[in-house]
Structures are given as C-alpha cells and as structure tokens.
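The listed protein sequences correspond, in order, to chains A and B. First residue of the first sequence: 1, per the working numbering; consecutive thereafter. First residue of the second sequence: 1, per the working numbering; consecutive thereafter.
I should point out that these hints are in silico values taken from the structure, not numbers from a laboratory. Fair warning: there could be bad hints in the mix.
The calculated lysine-lysine pairs, modelled on BS3-like cross-linking and capped at a C-alpha distance of 30 angstroms, are [claimed, not checked]:
| hint | chain 1 | residue 1 | chain 2 | residue 2 |
| --- | --- | --- | --- | --- |
| 1 | A | 133 | B | 134 |
| 2 | A | 40 | B | 176 |
| 3 | B | 35 | A | 324 |
| 4 | B | 140 | A | 133 |
| 5 | A | 145 | B | 176 |
| 6 | A | 39 | B | 142 |
| 7 | A | 224 | B | 142 |
| 8 | B | 144 | A | 224 |
| 9 | A | 145 | B | 144 |
Stretches of chain B that chain A covers, calculated by requiring three or more beta carbons in the stretch to come under 8 angstroms of a beta carbon on chain A [said to hold, decoys possible]:
| hint | stretch |
| --- | --- |
| 10 | 117–127 |
| 11 | 149–157 |
For clarity, every value in this text was computed on a predicted model and none was experimentally measured. Note that CB positions come from ideal geometry on N, CA and C, so glycine has one too.
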Amino acid sequence: MKWYENTGRDHDVIVSSRVRLARNLVDYPFGNRLDDTSKKEIIAKVKDALCDGKKYTFRDFASLSETERIAAAEEHTVSPEFARGTGPRALIESADGSSFVMVLEEDHVRIQTITPGFSLDEAFDKAREIDQKLDSKLNIAYDEKLGYLTHCPTNLGTGMRASVMMFLPGTARSGSVRNLSNQLGKIGLTIRGMAGEGSSADGCLFQISNQVTLGVSEEETIAKLTKITERLIEQERALRKKMFEQDPDALTDRVMRAYGTMLYAALIDTEELFRLYSDVRLGVSLGVIDCVTAEQLDRILIGCMPAVLMRDNENVRDARSRDKARAETVRRLLSGPEGKN
Amino acid sequence: MLCERCKKNNATVFYRESINGKERSLSLCEECADKARKNGELETDLLNDGFFSEPLGGVDKLFGSLFGFPQLVGHKSAPEKKCSLCGATFRDLMSEGKAGCPECYRTFSDELSSTISRIHGTTSHTGGAPSRFKADRDLKDKIKSLEKGIKAAVDEENYEEAARLRDELRAIRAEKGDETK
Ligand SMILES: [Zn+2]
Ligand SMILES: [Zn+2]
C-alpha cells in the first residue's frame, strides 16, 4: 500500500501531511568527510537498529536503476538529492508504506513520514516511533543547548520539518497567495508553490512547512502548523464556493471538459495532466462531478509522473510514448476499483 | 512557445517555483526537462515540491555570508583550531557552509553562536532529546513551566497557587542539588 492510495481527513484541500526528522550518529563525520567504510558501517548500524522484524524492510538504494530512484522521488518517498546522489546509501521503508528512512542523505539518517489528508499528528507519531527505536540502539548526536546536531545548522534543535501539501485553486485564483506568503513568513512558516503548472492555469499545489527548528518544540511546531492549516482550509473552501457561484456554468464546463479529456485523450503531457488534475479535483470538491474522487486524482497525478511511468511501463522509450502511456494510465486509474464508471 | 533551452522544440513543461513570494519560472520541452531533471541542475522540477529543500534558499551562500566576520581573517600567527573528531577548521566550515561533524558544534561553539542565532532567532533548544539526555531535559522543561506558572499566578493575584508552585519548584531544585536563586 502506498500513501497516495489511502484517503484522509480534509482531502478536498489537503493532499498529504509530512514530518521529517534529521538525526546523526556521534563519532562519525558528515557528508564528504565520510569514507565508504564509515558509510557502510553507518548503514549496517541503522539497519540493525530498525530491521529486526517484519515491520521495516531494507533496500540498498545505490543498487537501484536511475529510473527507480527518480520514481521514488516523484512518489515523495525520498528527496531529489537522495535520488540523484552517489555512493553507498540505503532506504528503509515501513510495511504500511508511510515511513521512509533515508540513510546517508545530507544527514546520516533522515526519518520521513507521509500520510494522506490532514494528519500531522499521525505523521509525527510514526516518525517518533522510528526515532525512539533508533535512539534505543544508537547514540544520536545531541547537545543540551543546541538540541539534535545536524549537518546544516538550519536544522539544529528538533531537526524536524512538518508540512502539509495543500490544493488551493480558490486561494491561487483569488490572487492572495503573495499576501499569504508574507503573513506566513512572519510567523516562521514557508509556503512554496509546487512546480508543474502551465501558463494556462495558476499553480494550485502548495507546500506549507515550518522554517525554524531551534527554540520551538516539536509539539509547538505541529500545533502552530495545524492551526494555520485549519484557517487556510476554511478560507479555501469559502473562495471555491464564491468562484463557483460567480459563474456556475463556466466552472462546470471547465470541469467536465477536463474530465472528458481524461477519459478520451490519446496523448497527455505533464503540463496538461496538472491542469486536468486541478480542474477535476476542484469539480469534485464542489460536487460538480461525482464519478471520481480526490484520492483517485492524487493517485493519477503521482502514477503519471515521468519516471514512475517509465518504471511501470516497459514500452515507454521517449516523450511521445510516455504521453501515450500517461493517457492510458489516466484512463485505467479512472475506471479502477475505486471508480464508479 | 519555444523551449528556452534548445529553442527548437515546443515547450510543454513549465516550471514555476515561488518561495515566500519570490518567483522563478522555466519553460522547457520534454527532452530538455528530462536532461535537467537527470543532472539535477534544476532546483525547480517535478520532484521538488519544497518539502526537502533547505529553508531560506541557498544555504551555502547564506552560511558563507553570515560567516564573513573580519576577526576570522586575522590571527595568522596562532595555530588554527581543529575539530578533534573530523579535523575541520572554522575556515573549512565557512567555505563548506556546513559542520564537519557533530563535534564541530562544540569545538566552534563561540564562532558559530551568532550564525545560529541569526538563522533561528535563538541558540537554545526546546523539545525532544535522546533517552540518555531525557531525564535532565524533562527536569529543565518542568522548571521552566513552573516558573512561567508562578509568574502567571502572581499576575492574576492568585497567591495561594503561586505559593504552591513555588514549593514544588523548591522541592525539584533541592532534589537536583541546586539551591541557587
Ligand atoms: Zn528543449
Ligand atoms: Zn568536526
């Protein structure tokens, strides 16, 4: 099971919730000061600490093909840097598909969890579970004043990043994202627009996360992010409703045309997919269309990322065959077990 | 619209990134986007949805500029201090923009404190700790919260509550063998 195959709370606005913890072992240097022998030792130690039962599985990440590595990044299970990196490194995954431990990313260990919908507490609990397991077996670098010691000083303290990925077509089209950026910046949060949107539509996916890790506890960070997210959810729903009421026919037309394209197009490129995704997902939340769900659409978006398509379809060789595979995948996932048509 | 890299194919992949209001965009054809994606020159691509990126953007640059203190350039006669675990000098930290090992933070704690405080607005951690530090951490957090509670009780003129909390605090301090203040 993958995180994007589950449904979650407030899914009309929140795609996923994530938590990351940066951890390092005492007695080992960071990054390029580590030789391969030390790297292998670290990998073995982390593996021993976590993989003592069936709950966590170990993968030698360096041995995967480039397509597999990039696809993992597209599925948000590893960072792009980790996917493209070189040298010994490993990925440890939980059986429930929600937790991923990158060994030898920027820090020795990066625990990251991803759960569907608005579920920061759940994501944090899962990350803490792994953290405690590591801590019970290994000496984690820590300083009473500076907290967890990390390669980059921007992560000192809790070493935690918590974030929600939000689908905000209403907020984006009302033009208030810039304003929101300023407000969030003032209270130590960051909003980033997610890439992949064409000139024809405004970006609708945003990642909101904490920026500061020192002097603010894990619980305070989660509480602050939760509070802001709740407010943004309400605001987004109101803006969507307003957008619909201004011209219901135009919006319905846009949604149904996008859905029609998803059902019948033979070639779909990445940019078009993002636009179709946004339009149909908006339509679902407004009740304009009910033969597809937000979860299904998230699954389509991830399942149609370039490297994921290449990994899952043998016949993808170039851009054209990938667009074809993408259109086929969209159709297949629309009529999948969750689909009603 | 033509791809801005090869200027031959039509641009079909559009990247746009905005970090707290600062925008950057790129229009590429699938081939050029693939290339950019593979060699990682694109910070802004489909993979990068912001979760993994370092805050404040371009940390290396930031770190370098934050480190550019004049007093570091001098003292050429004195032997350069080195981290006992990884051998890094403060100059190394400056040029790399990152610590060489966990021990560097202790070795160079004086040199680093203003940088850390500029990044985070503080140099003092609150929150979780490994189990071997946990008891001490919890005690510190408890004392902090009692002190806050006493102040709040006094502000509300709830002197009975303030006295009760003060007794509790005194008991904890006595146990810890710390009678100061
Ligand atoms: Zn091109
Ligand atoms: Zn060091």
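I'd like to know which numbered hints this structure contradicts. Please list them from smallest to largest. 2, 6 and 11
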